[in-house]
Amino acid sequence: MEESASDSILTDVGTILFDQAIDDSSFALCDSSRIFSGRNAIMFGDTKEAIEQECMKNFEFEPEFESFSGFVVVRFVVNCNAETGRFRAQTLDFDFSKKECPPELVSHLLGIVKGLKNWNQTRFATEGSDYSKYINFKIINGKIETVLR
Amino acid sequence: MEKLRPCCDNLKLILLTLIGMVSYFSGHAQGNCLIYPEGSGERTACEMSYRALEYRQGSKESQMVFDSAIEIGPKYAWAYYEKSVPFFKRGMLNEGVKLLNKAIELDPKRYLTYRAYWYFSHQSYGACIADLERYYATLNGTMDFTPGGDMEMKMLLGLSYAKTGDLVKGIAQVRDRIDTYESDAYVGSYDYHVLGILLFENEQFDEAAVAFESQIALNEYFADSYYYMGLIRKYQGEEIEARNWFQESLDRFEGRKGGHSFNGFIDFNVTKQDVEQELGKGG
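Here the protein sequences line up with chains L and Z, keeping their order.
For the record, in the first sequence the residue sitting at position 149 is 149 according to my numbering, with numbers rising by one throughout.
For the record, in the second sequence the residue sitting at position 102 is 102 according to my numbering, with numbers rising by one throughout.
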């Protein structure tokens, strides 16, 4: 799910608008007036390391991944009920320029992110609000080297 | 290696923090619009950019004002830089770097370190090195700090060299910065800790211990350095002393003894889990 055309409509930076063509319509925002961003407002699991551990556990290397080294950045929204939706992926080189990536790898990583369920709002979050979040997979020869967030 | 000088009481730490903040803000702050000729695109863009700052960072309102400023004054670098900031913070790295690249094209000496910071944050160490080498060596850049003012950029350069396999060069970069300080009051908040990390990675354990002890003398509340002291003693076969250091580290990770940690070292971050693991293994 590359960046959607609807995301080019002027909004707050990082807002992910609903795109009927690619988004699950059952995912609902708690407050449609604004999606907050807050790197420290949303956390996965109990520790900072939990997300990397979970992603690594669920990653299954395939030979078609091997040609890619770079970043796969997945952005999404976590609503006030800790549900996730509106996933967008972008594949980059190490200088942050766009780079082609095997679609199977992108699809696999998106599936991993969609499968993450243990999201929590931290003390920095505003109750009742929805948040945009991103996970950056650093990929070397098709394998996850680090999960950055 | 001669013993590093013991450092700073709390007053000097505060002074150092302020110096770091002044250095950062003077390096990336918007500046005085009057330096641009009256009626010029740069002057108008500069004045408009002040208005953009009245809106919340990353808001569509602020972005619209920056767009207008850029249209009127396309050579006003600061507008591209400031417009890029929320993109980086929110994971839109390609969009952010496209804007920042324009700022760098117009004024590389002022904005290279900001791009280097984001490369380091995302573990793109080769790109970080390229930017910082250009900044320091080619452009003769002066001291500059990470956006939070926590570390001078030579710390990031040193750590980046370490991650690309050149520990000796990394150590040299950090020592080079520490040696330029006129007095202990200017030593960075984590300079000795970074030096200690690199010496430790290069298995120079005695020198690393001196560096970490200097860091602890500067800031006894910083948990990470105690962890490394534990590792050093463990590798030196001092099991009991190692365990004591790990316990001191854990105390600070858990907020006791006024403790805190810092996660700006990226690949060299220490976590509470790391410490607990060492204590669980018996130190």
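Honestly, the hints are just simulated from the structure, not real lab data.
Among the hints, erroneous ones may be present.
Straight-line C-alpha distance at most 27 Å; calculated DSSO-like pairs for lysine-lysine [said to hold, decoys possible]:
#1 L:Lys57 x L:Lys114
#2 Z:Lys272 x L:Lys98
#3 Z:Lys75 x L:Lys98
#4 Z:Lys75 x L:Lys48
#5 L:Lys138 x L:Lys57
#6 L:Lys117 x Z:Lys98
#7 Z:Lys75 x Z:Lys102
#8 Z:Lys60 x Z:Lys89
#9 Z:Lys89 x Z:Lys272
#10 Z:Lys89 x L:Lys117
#11 L:Lys99 x Z:Lys272
#12 L:Lys98 x Z:Lys257
#13 L:Lys143 x Z:Lys163
#14 L:Lys117 x L:Lys57
#15 L:Lys99 x Z:Lys257
#16 Z:Lys163 x L:Lys57
#17 Z:Lys272 x Z:Lys163
Hints violated by the structure (numbers, ascending): Checked against the structure, the hints that fail are numbers 2, 4, 6, 11, 12, 15, while the rest are satisfied.
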